[in-house]
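Colleague: For reference, the chains in residue letters:
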Amino acid sequence: MATDTALTATGDHERADGTEHHHPPDSYYVRIAIILAVLTAIEVALSYLGAPTLVEVGGLLLVMAIKFVMVALHFMHLKFDSKVLTRVFYSGLLLAVSVYVAALLTFRVF
Amino acid sequence: MTDISAVTAEERAAKEALTTAPSSAMIEDSHGHVTNTGISNEKLAMWVFLGSECLLFGGLISTFMLYKENNEAGGPLPSDLYDIPFTSISSFVLLMSSLTMVLAVAAIGRGDHRKLRTWLLATALLGGIFISGQVYEFQLFVKEGMGFTTNTASSAFYALTGFHGVHVSIGIVMLISAFTLSARGRIPTGSESIEIIGLYWHFVDVVWIVIFTVVYLIK
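Chains as they are written, first to last, in my numbering: chain A, 1 to 110; chain U, 1 to 219.
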């Protein structure tokens, strides 16, 4: 189950292909978490503001997308990892969004 | 004039090198296994699994969007019963569990096993609080007369949030297993297993980011 990677003096993983898997300091992750918490608060506030539907829905979807990408990039390390993984994940996501938006359009949900 | 025998020897050496040396596209992963990508099979498999999970949750979210106003069979709609402040706190708890998870991954990267166990336990605890909140919400909804089979909207709601809850519960089991293995000294420094569990946990978090907005906040 467990596997090892070589560790450099700074605590970064050194892969066999010569690239390094950087671990940012803990404070970096804390900053990201604070931004995510603030975005969540903005989301909740937006839902209570009573703005026009288009502004409210558009704003909520935008904040949701920013939060999603931030977690994927920073916490799931897509920013630091091989681009192959980004392509694998976003291919599945894009396929899901396309299929279900098409399905919902067929049922005239929007 | 060129020396034919020398050329032949060079060609032979080149051919030999081609057949014995690994292709430049083949790179060893962290296990020492040769892979085309340089990424371990386990990690790639988790990412492929997460990509496919997008389709599962996409289907459940779409079904909810399709039927969220459908209470032809009677009974309340899920949107009549939402307690947004309560769910916002639950969302915040799950979001913070992603922070503790990434700190656990960073800790094992540094070889700090004590911190690894602390963050793993904190993540499992926050996950447990989220699940408790969900169970509390479900029992309140049932008391208000919205059971799983009350109407189509309630079925779609419970199927979506219930599936997510099951994913969180599986994640908690994985975290506790990792904690136990670490306590027994069976997780070596730099172990990729913790990173793979982390990927699953963060995915559960990003799915909730979507559910919270699409199901709870968008009217």
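FYI, nobody ran anything at the bench for these hints, they're computed from the structure.
Positions of the beta carbon are idealized from the N, C-alpha and C atoms, including for glycine.
Wrong hints could be hidden among the right ones.
To be verified - Pair ranges (Cβ atoms, derived):
1) A:30 - U:85: 21 to 27 angstroms
2) A:49 - U:80: 27 to 33 angstroms
3) A:58 - U:85: 35 to 41 angstroms
4) U:184 - A:52: 56 to 62 angstroms
5) A:38 - U:83: 37 to 43 angstroms
6) U:145 - A:87: 21 to 27 angstroms
7) U:36 - A:58: 38 to 44 angstroms
8) A:42 - U:177: 33 to 39 angstroms
9) A:65 - U:115: 16 to 22 angstroms
10) A:42 - U:188: 37 to 43 angstroms
11) U:41 - A:94: 38 to 44 angstroms
What the hints assert, rightly or not - Some but not every residue of chain A turned toward chain U, in silico, with C-beta under 7 angstroms:
12) 26
13) 34
14) 36
15) 50
16) 62
17) 66
18) 68
19) 71
20) 78
21) 105
22) 106
23) 109
Colleague: Checked against the structure, which of the hints given earlier come out wrong?
Modeller: The structure breaks hints 2, 3, 5, 6, 9, 11, 13, 15, 16, 17, 20, 21, 22; every other hint is satisfied.
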